[in-house]
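Engineer: Single-letter residue listing:
Protein chains: 2
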Amino acid sequence: MRYRDAIAVLLVALCLPIRTSSVTAQSLPSPEVVADQMIRRALMDRKGYAWLKELCDMGPRLSGSPQSYRAIEWARAKMKALGFDRVWLQPVMVPRWVRGEVEEAIVHLPGTSRAVPLRVLALGGSVGTSTEGMQASVLRVSSFAELKTHREEAQGKFVFFDFPMDAGKVPTFAGYGEAVRYRVYGAIEAAKVGAVGVLIRSITTRYDDVPHTGVLFYADTLKKIPAVALGWQSADRLAELLRRHPQLELRLQLSSRTLPDTLSYNVIGEIRGREKPEEIIVVAGHFDSWDVGDGAHDDAAGCIQALEAAELFLRLQLQPRRTIRVVFFINEENGMRGARAYARRAAQKEEYHYAAIESDRGAFTPRGFSVTADSVLIARMQAWIPILKKAGIDWIRKGGSGADVSRIPNCPLKFGLVPDSQRYFDVHHSANDVFEAVHPRELELGSAAIAVLTLLLSETDLHLPNPVSTH
Amino acid sequence: MRYRDAIAVLLVALCLPIRTSSVTAQSLPSPEVVADQMIRRALMDRKGYAWLKELCDMGPRLSGSPQSYRAIEWARAKMKALGFDRVWLQPVMVPRWVRGEVEEAIVHLPGTSRAVPLRVLALGGSVGTSTEGMQASVLRVSSFAELKTHREEAQGKFVFFDFPMDAGKVPTFAGYGEAVRYRVYGAIEAAKVGAVGVLIRSITTRYDDVPHTGVLFYADTLKKIPAVALGWQSADRLAELLRRHPQLELRLQLSSRTLPDTLSYNVIGEIRGREKPEEIIVVAGHFDSWDVGDGAHDDAAGCIQALEAAELFLRLQLQPRRTIRVVFFINEENGMRGARAYARRAAQKEEYHYAAIESDRGAFTPRGFSVTADSVLIARMQAWIPILKKAGIDWIRKGGSGADVSRIPNCPLKFGLVPDSQRYFDVHHSANDVFEAVHPRELELGSAAIAVLTLLLSETDLHLPNPVSTH
Chain A
53 MRYRDAIAVL
63 LVALCLPIRT
73 SSVTAQSLPS
83 PEVVADQMIR
93 RALMDRKGYA
103 WLKELCDMGP
113 RLSGSPQSYR
123 AIEWARAKMK
133 ALGFDRVWLQ
143 PVMVPRWVRG
153 EVEEAIVHLP
163 GTSRAVPLRV
173 LALGGSVGTS
183 TEGMQASVLR
193 VSSFAELKTH
203 REEAQGKFVF
213 FDFPMDAGKV
223 PTFAGYGEAV
233 RYRVYGAIEA
243 AKVGAVGVLI
253 RSITTRYDDV
263 PHTGVLFYAD
273 TLKKIPAVAL
283 GWQSADRLAE
293 LLRRHPQLEL
303 RLQLSSRTLP
313 DTLSYNVIGE
323 IRGREKPEEI
333 IVVAGHFDSW
343 DVGDGAHDDA
353 AGCIQALEAA
363 ELFLRLQLQP
373 RRTIRVVFFI
383 NEENGMRGAR
393 AYARRAAQKE
403 EYHYAAIESD
413 RGAFTPRGFS
423 VTADSVLIAR
433 MQAWIPILKK
443 AGIDWIRKGG
453 SGADVSRIPN
463 CPLKFGLVPD
473 SQRYFDVHHS
483 ANDVFEAVHP
493 RELELGSAAI
503 AVLTLLLSET
513 DLHLPNPVST
523 H
Chain B
53 MRYRDAIAVL
63 LVALCLPIRT
73 SSVTAQSLPS
83 PEVVADQMIR
93 RALMDRKGYA
103 WLKELCDMGP
113 RLSGSPQSYR
123 AIEWARAKMK
133 ALGFDRVWLQ
143 PVMVPRWVRG
153 EVEEAIVHLP
163 GTSRAVPLRV
173 LALGGSVGTS
183 TEGMQASVLR
193 VSSFAELKTH
203 REEAQGKFVF
213 FDFPMDAGKV
223 PTFAGYGEAV
233 RYRVYGAIEA
243 AKVGAVGVLI
253 RSITTRYDDV
263 PHTGVLFYAD
273 TLKKIPAVAL
283 GWQSADRLAE
293 LLRRHPQLEL
303 RLQLSSRTLP
313 DTLSYNVIGE
323 IRGREKPEEI
333 IVVAGHFDSW
343 DVGDGAHDDA
353 AGCIQALEAA
363 ELFLRLQLQP
373 RRTIRVVFFI
383 NEENGMRGAR
393 AYARRAAQKE
403 EYHYAAIESD
413 RGAFTPRGFS
423 VTADSVLIAR
433 MQAWIPILKK
443 AGIDWIRKGG
453 SGADVSRIPN
463 CPLKFGLVPD
473 SQRYFDVHHS
483 ANDVFEAVHP
493 RELELGSAAI
503 AVLTLLLSET
513 DLHLPNPVST
523 H
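As you go down the protein sequences, you meet chains A and B in turn.
Read left to right, the first sequence gives residues 53 to 523 (our numbering).
Read left to right, the second sequence gives residues 53 to 523 (our numbering).
Mixed in with the good hints, there may be bad ones.
Since the list gives no way to pick one copy over another, a pair counts as held whenever it fits inside one copy or between any two copies.
In silico DSSO-like cross-links for lysine-lysine, where the CA-CA straight-line distance does not exceed 30 Å [as the list claims (entries may be wrong)]:
#1 LYS450 / LYS221
#2 LYS328 / LYS442
#3 LYS99 / LYS442
#4 LYS105 / LYS441
#5 LYS200 / LYS105
#6 LYS221 / LYS441
#7 LYS221 / LYS130
#8 LYS442 / LYS221
#9 LYS244 / LYS221
#10 LYS221 / LYS105
#11 LYS221 / LYS99
#12 LYS99 / LYS132
#13 LYS132 / LYS244
Rather than coming from a laboratory, the hints here were simulated on the basis of the structure.
With the sequences and hints as input, model every part of the structure.
Structural biologist: Pasting the structure below:
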């Protein structure tokens, strides 16, 4: 393929305005032409896929973990090596939760010596048990309402929230919201009725036995009780055992604990705009992950797509009209501290964020962009669909963006990339979320889609209702 | 999930017209209601996925192979067990090609004893070599045009068509057409200039070393020369070796051969229409596959989706207004004999095919339906999009249907299911095409999409321009 690369470079060199170190006012070729080049280069070069491999090889990146620091240093060095105009780390204090070595759940059947091990994963933020572990019987309920009607029985027991994620909905995220309540609020509701621990059924659409973690909340006024997710098959097993042996006891041992907050960083890199450098377009993902698997889809891939979307301008030697700023937010999973720190700084410096795009729904084939913006602006952006369709984007619709960019103040256009969702909850927050679960073309199409949207945002004017330029 | 199933069955029992063995004129609930049920049941029950496993466990199904007969018997028994009104086998004489045991390509470097093995797969229909194999030098060209300019050099050599499938296009099929010419016509063009054999670069977007086969053509007036596909990495290796050692020789040994035609079958099952039984809606896939991998995506999955689309009516105890006929065509890959026999029979019996739908592009997330039909009808069907969107279908567009149903005479509406294409050429015609490469939700969404389209075709009237009812 070398001869093709050579031709591509030649074409770029001959036809397109060269990006030089000094700012020029030269406009780019038509978005149609640049979009075609961006898409082709992303799909053919597969650079983002190679970077994803480098990043995933370092392991998962839970906030404050040793791997997270190695990855942050890698990201800073990568942005510098790629030729970003400015690269910096923004300091952020992050929570530091560690899973520890012991994570064991065993069912003991009454009147027998039979012990049935279950596959569990402590929920993120869970307190541990004592070193010897804890043993109690189990109350199975399928909802908070059912827990309330059985509140007397919960005292001194584990509560098992046996609520299966609804796999009958076509967009898988539609089933996530109602299921995730038990993960997030289960420990609070169970502590209210005197339970000693919480088990949830993993939130997934894959019926294997790999448990899926994720953040939980505690209330300061209530006892903090240990909480774990059961693998889908382990949850089936426990439900079946409870039917036959309601008096069974579960023994749980967890060594998870929360250490003092620690210093970490958002990683930020900028390509300075040639005409409106004070108008910032953020392209982003979150850099932290859970501590199992590689955190490949969630959200190494989103960061890589953001990075590559910006880098495609450099690769094609094109300087954007507005400033493109890549942000890898830290601590999305268990604190949102990176997003908060970024938003605070933006407010303090009175920065004008023209737009922000986040990728945090897995690196599957892109389908559309969800956008938090004025309806008039969304209507205007429909004119871009024929160009976005080149990268497989069928629609721009009103909706949420991403957890991190949603907090940026003074930003009239906040986008979330919406990919196909069928496989996302197979891997989400689990040991299944590894590099090998990411498909190179699907990843690269996402990079290209974000690059094309960034191009349109950078090179055209939407006549925003209240442009607040502060420089 | 048992309680949910029970509720679903109860709801169906209470609310919907029950399908009885006698034909009734009772119409179904609104398509919106039935569509929701079909989609939910497909995604929750995953029956098609379980059938796919049974089918793939029998191995690949090349026309005339022992596995193909086992699979045909399985399919007939399955349709009967599921309660189809009529199930039959349509006899078809099919070609019988066998790969044989020996398939070996080794590069010998001039002046050394070094031998470099390459991964190859005989193209479907290729003649073998003599038992001792054949050895010759290699002429590498990147196109038929280049072969013509070097025609003098080709005499007595292997021709290596080093044409990489273009991975820079977003719909992967867009790169297939120009690459597949070398597989289909390479042996003819090479024989014209006196070459002794043909090597092609596998047609794939995955850069591993698993070779991809597929049919080739010979001309009766030219010598039939052996032809193989090289794994992508083996093709790279050969290209590099040829740069350094233009005089290298390749030794090829193939035991592939063509046996006499043999009797096989299309498998056909029908659910009789309650009002217009003489108007047939075909839902189809092709049942044969290549002889490597499981032929899971190509096209076991398409057959399973067709089967499940029809079976969803039975599962919901709904009798369609028109007759739904499931057809598993034999011999799509290397002869199209099943499709021809079916078309002949349809013409002889003057059957009226109201519509036909084929799934033969892999069981990935469905995106749309491509349809061969009058533009006026296509415009009318746009009104169905809101219902089809429930199953993830975004569009109906004019275009090709499927190789098999395209031949059905007197059929005004011929559809092809168009799924996401990013991963298709990873597996197409190769050992990568196994059951594990099919995702349950993606498969089931395709079943649901076909079921919903079949429902709309069955229960509504499009006022076709020339309905020719012959019964």
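Engineer: Okay, which hints does this one fail, numbers in order?
Structural biologist: 5, 9 and 13
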